[in-house]
Amino acid sequence: MFDAMHADSPPKLAPPMGRDGLMGARTEYPAGSGLHSGRWAHALVLVLCIGGAAVLSSDSTPPAPTALVVFMGIDSPTADASFQRFVAAVDRLPVDSRRRIRVEFAESGLRTDETRTAAARRIASLRPVIVVAPSSATAKIAKQHLAGTPVVFGSFLDPVRYGIVSSMEARPEAMTGVWVADTLDAKRLEI
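Note that numbering that gives the first Met the number 0 has the sequence shown beginning at 0, numbered continuously upward.
Hint data in this document are derived by calculation from the structure and do not stem from the laboratory. Certain hints may be false.
[Stated by the list, open to error] Each computed SDA-like pair below joins lysine to any residue, with the alpha-carbon atoms no more than 20 Å apart: (1) 139 to 165; (2) 139 to 124; (3) 139 to 168; (4) 139 to 111; (5) 139 to 177; (6) 139 to 87; (7) 139 to 104; (8) 139 to 94; (9) 139 to 68; (10) 139 to 179; (11) 139 to 178; (12) 139 to 121.
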């Protein structure tokens with residue numbers, strides 16, 4: 000509330016600040032104390048600020064980027080047994096390695112050409128570091144639609160004959176994999 004009694008008195012102003020930031024002029028310290036003009040206090044504040052900044056910056060260091068690994072599966076992550084085995088194998092990796100990768104399931108759309116193309120576009124839009132194709136069919140989709148993205152595949156069919164890779168030795172495709180050559184049954188049927 001405004002008091003009429005104090006209407007004539009001028010407003011009170013704060014005293015001027017001194018060189019060392021304290022009220023009044025300059026603070027005097029006893030001779031020989033080593034505390035001249037508050038320099039020690041300023042140095043202490045500066046050291047505390049630098050130390051605090053170092054602690055905060057170490058806390059705010061961004062985590063290492065994670066690499067996206069896309070698994071081209073069938074149906075859903077819960078229904079695809081090969082995806083479950085892959086995730087279990089990733090979970091057995093050392094903690095530092097597990098933190099650097101993120102595994103995502105992507106339905107491969109094996110039903111029609113349109114669903115295969117749409118699935119490949121979805122996978123390409125994720126920009127994975129690597130694609131895991133657990134079958135010959137998914138590996139062929141990856142080769143046809145994900146050029147340039149490294150692919151690791153598993154196949155029961157001959158990958159050269161099936162058109163997954165151009166050669167078993169040196170090849171231009173960014174693909175590598177395992178081929179389980181099961182020709183023994185075919186030989187048995189010939190007998």
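ask   = Taken at face value, is the distance from the CA of residue 87 to the CA of residue 139 at most 20 Å?
value = 25 Å, violated
task = Could you grab the alpha-carbon distance between residue 139 and residue 111 and see if it respects the 20 Å cut-off?
result = Holds, at roughly 14 Å.
ask   = Has the given pair, residue 139 with residue 177, been kept, meaning a C-alpha gap of at most 20 Å?
value = Holds, at roughly 14 Å.
ask   = Does the structure keep residue 139 and residue 121 at a Cα separation of 20 Å or less?
value = It holds: about 16 Å lies between the C-alpha atoms, which stays within 20 Å.
task = Quickly compare the C-alpha distance for residue 139 and residue 68 to 20 Å and report which way the hint goes.
result = 18 Å, holds
key: Straight-line alpha-carbon gap residue 139 to residue 168, limit 20 Å   = 18 Å, holds
query = Does residue 179 lie within 20 Å of residue 139 when you go C-alpha to C-alpha?
reply = Within the cut-off at roughly 16 Å; holds.
query = Does the structure keep residue 139 and residue 178 at a Cα separation of 20 Å or less?
reply = With Cα atoms ~14 Å apart, residue 139 and residue 178 stay inside 20 Å; holds.
request  = Decide if the proposed pair is consistent with the structure: residue 139 and residue 124, CA atoms, cutoff 20 Å inclusive.
outcome  = Cα-Cα ~18 Å, so holds.
key: Holds or violated: residue 139 to residue 165, with C-alpha atoms at most 20 Å apart   = Judged against 20 Å, a Cα distance of about 12 Å means the pair holds.
inquiry  = Hint check: residue 139 vs residue 104, CA-CA at most 20 Å. Holds or violated?
reply    = OK: residue 139 and residue 104 at ~17 Å, within 20 Å.
task = Would you check the hint for residue 139 and residue 94, treating anything up to 20 Å between C-alpha atoms as holding?
result = Violated - the C-alpha atoms of residue 94 and residue 139 are around 33 Å apart, more than 20 Å.
Comparing the model with each numbered hint stated earlier shows that hints 6, 8 do not hold.
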